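Enquirer: Going down the list, the sequences are from chains A and B.
Position 19 of the first sequence, counting from 1, maps to 19 under this note's numbering, and the rest follow consecutively.
Position 13 of the second sequence, counting from 1, maps to 13 under this note's numbering, and the rest follow consecutively.
One or more hints might be untrue.
[Said to hold, decoys possible] Within a straight-line C-alpha distance of at most 25 Å, the following computed DSS-like cross-link-like pairs (lysine-lysine) qualify:
1. A:LYS402 - A:LYS310
2. B:LYS92 - B:LYS13
3. A:LYS141 - A:LYS344
4. A:LYS150 - A:LYS289
5. B:LYS13 - A:LYS344
6. B:LYS92 - A:LYS344
To be clear, the hints were calculated from the coordinates, so they are not data collected in a lab.
Quick caveat, the model's predicted, so the values are computed rather than measured.
Given next are the chains, with one letter for each unit.
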Amino acid sequence: MSLPADPTLFTLADARDAVTSKRISSKELTKAYIKAVEAARPLNAFITETPERALAMAEASDARLAKDEARPLEGLPLAIKDLFCTKGVRTTAGSRILSNFVPPYESTVTQNLWDAGAVMLGKLNMDEFAMGSSNETSYFKPVINPWRAKNSNQALVPGGSSGGSAAAVSGFLCLGATATDTGGSIRQPAAVTGTVGIKPTYGRCSRWGTVAFASSLDQAGPITRTVRDAAIMLRHMASVDPKDSTSVDVAVPDYEATLENGVKGMRIGIPKEYRIDGAPPEIEALWQKGAEWLKAAGAELVDISLPHTKYALPVYYIVAPAEASSNLARYDGVRYGHRAAGVKDIVDLYEKSRAEGFGAEVRRRILIGTYVLSAGYYDAYYSRAQKLRTLILRDFTEAFAKCDAILTPATPGPAFAMGEKSADPVTMYLNDVFTVTANLAGLPGISVPGGLTADGLPLGLQVIGKAFDEATVFKVGRSLEQGANFTAKPATWWRV
Amino acid sequence: MSVDKDTVRRIAKLARIALEEERVEPMMNELNQIFAWVEQLGEVDVAGVPPMTSVVEQRLRMREDEVTAGGDADAVTANAPLSEDHFFVVPKVVE
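Okay, chain B solo, but in the shape it has when bound (with noise of 0.2 Å):
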């Protein structure tokens, strides 16, 4: 399979990373690149293979639904690159 000019530009704005029109064809060549060497992952056959979901097989650790921190609203804004109050600042969202 392989990505087109629209692909890329739809999967940049998916990612929220701005792409300048410029370098949706180099990006869309080196995709393809990977993508062409990916490809090979269709000849097994894997039928009946139930996926990986845990590396190492283990249960789950359950614990008591308990507040465990919180409370420094200083130290969560203090590395925020606009803040006011102990809000983070960003542009108008809502008209």
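Just chain A, with the same shape it has in the complex (with noise of 0.2 Å):
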């Protein structure tokens, strides 16, 4: 195997062979990675960088492996969404009403992954309370995308919420990174920046520790740079815990060791539904190609319908602003986070420091969810919205009857302007039509990169899976990988 020069442009697999092998010290690994971080500030990918823990960590990876004690992530530097918390540093969501809270406590989810080896590099940028698809509703200001069209020097959003996670892999800012989704916030930013994201089953990840937006949709996943890359590091994050209740008691399968397993006679489900109006032709043509892909590999394709998909995106805009009002009844100006200055007494402290502390988008989703739920609507939204949401998993339980996995776009188009979307709400929560249907249905999700678009824009591909079934996901994703052999990088206009 024959390694680049610069240990930043390593796959997480290349970098964990270098590093077990000793042909590069995790100290020396970490360094490239932290110079690489500061060299791209003007990305704003992270909000805080922790470089010290990041030596120190290194240094006693690179002593467990002077005793030949690696463990299976032994040393590789990975940065981490700013929505998992972790001990003693800072963890913001991207929002000002935790601009200064430092945990006391380890999400389970960073735990596993430290347990494993891994190195932190600091935590990345993301859209306050992970509401947003283009990360421009961070408190800590936008990510920009590392990606440019051609012959434009035009910033570009790397989507969102996860937009720092997925600008960090994409710019090469470390090995991988964690990553949620509630509608779409690992495979669409993944999409747009040329990276690889999964969204794992619901359950498969605990959500303890991580700041929550919509219980019943928030699930954690990686974004790294390949396929296999993902199925090492979800297999790391992943876990039972006694701390989350709806966290699943299924043994996490090694999904690198059937990575490479192939699609031969699997069905893949091309559902007609996911044709929409208004896409770009770029979006309907690499979706032919990935399942003409697919099909050279051996796949058989298989016509399927959901006829419920429609309704998926109106469903995701009652329930998460509805567990979103409820989980965000805990910020008070209290226990934690911001408290306004001049106040005359204790609801004027709730109303002001909830005002102060929490952006426009997010005080909108609290609105609507606080409408959603009061006395007399409940029944016309949330209780509908819920029983929609029936009909869509049975959807998906019938197209499983006649499918192993379900191949779609990921996103209806590339990553856009700055401000291009942000007048019209509706408008951008378009961008998650092709990703929120899995959220709904708690079932696993990947996106891979297919191709450019005409300007020189990376688009992804999604896979869906039967619930726990990421080794199939994995299988799809690693072969519409070898299918689209997408190799571009973004030029790295960054570094000054």
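Since each chain sits alone in its own frame, please combine them into the complex, following the hints.
Expert: Pasting the structure below:
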């Protein structure tokens, strides 16, 4: 195996093999990434950099490697979405209201990664409370996509809400990043940055210590540069956890071991409802190419129908704000977080702290949620939405009687310009049109780079699988990766 | 369904988010735009369909009812904007 001279260009799998075989020390690798992170500050991908902690963790890893006690991710530098609580390291959720919060505990997902030997480079920028599809709602200013259109200097969004994670991985600032996905927040940013992102089955990863947005939809997953890297990383994020009663006690397989098993004989469902009016022809063309790659690899294509697809986004915009309004009730200016000054009584303290602490999109969603849960409206909105959710899941259950996995586009378009969609909330929400169904039904979904637009911007393909069948999702994803042979990289314009 | 200005003021109050008077109308317009879009859910017949209560079918695990954590008032109050002797300090609530 020949490795690139610059270690930041390694895949996570390459880096693992190089570190374990002692061709490079964790400290050397970590130093290279710390330098890359510093040089990439114009991208604003990180909210908090933790270089000292990274070096200390790398030295501890090198000490273990010297004793031949390497763990599965020993010495590998990763970055963490700022939604995962990290003990002693500020965790903001991209919000002013948590801008000074230093958790006294560690999230289960990050603890699992540190227990596997990984090194933390820092905390990644994101849409406030993971509410957004462009990273423009962050209190810490937007993240800029490393990718630019051909012959253009215009700043593009990296998608959201895990925009910092996607930008850091596509800009070679870490080997992989944690992310979370409530309606598409892993897969949509991965698609528009040419990276791989998987949202596993609901319950695969513990939600404990991850700042809550919509608890019945939130799932953690990795963003990486290859499907193999995602398979490696997810295995060490997932676990059943006594601290999250919705985490599921199903053994986590070695996804990497079956990755190359191919799709021969698999039935791949093509849902007709995912053809949407107004989507650019390049999306439809890529979808067809993806289907052809899988067919050429021995899969059988099956036409399927998911008739309630068009209701998924409106259902989401009832369920998610309802759960958010309940979850975000905890921010009161008393126990932690931002507290308004000069208040006249306790209610004034709550109202002003929350008005100052939450940004516009978060306030809007809390109000929607409060309304749909309020007396007299619960049945018309929330209860109806949860019934529709049953129908959406039923669509998938029926479809999976005829196929093993489903192929769809990942997003309705490539990365867009800052400000382009922020004026109209519904236009912004439509970014999640292909991804949100998997959240509502709790199913695993991966986004894999499929190719570039005529303007040179990445587009992704999505594979949705049966519950707890991430192994198949990875196999199909790997087959698409081979078909697409996506090798394009963004130009490193940000290094000054 | 659409909301009027009074409803916007009422839900802001319920949500304990101060909403300045000049923000009431723009917020009403934004919410109505979203509610108009959500309105299409009304066209689906959901009679006899049970609401989803659990995303992935599973039985909740039981555990012994015992204390597993606690006794760490320092950590609990460490992030409080205002605290005194391990108490959270708030404006006077009882006259």
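Enquirer: Run every hint past the structure and note whether it holds.
Expert: Structure-based check of all given hints:
The suggested pairing of LYS402 (chain A) with LYS310 (chain A) holds, with an alpha-carbon distance near 21 Å, which does not exceed 25 Å. For the proposed pair LYS92 (chain B) and LYS13 (chain B), the alpha carbon gap of about 20 Å is at most 25 Å, so the pair holds. With a C-alpha separation of about 31 Å, the suggested pairing of LYS141 (chain A) with LYS344 (chain A) is violated against the 25 Å cut-off. For a cut-off of 25 Å, the pair hint linking LYS150 (chain A) to LYS289 (chain A) stands: about 23 Å separates their Cα positions.
Straight-line distance between C-alpha atoms of LYS13 (chain B) and LYS344 (chain A) comes to about 16 Å, which keeps the hinted pair within the 25 Å bound. As the CA atoms of LYS92 (chain B) and LYS344 (chain A) are separated by approximately 9 Å, the hinted pair is consistent with the 25 Å bound.
The structure fails hint 3 only (numbered hints given earlier).
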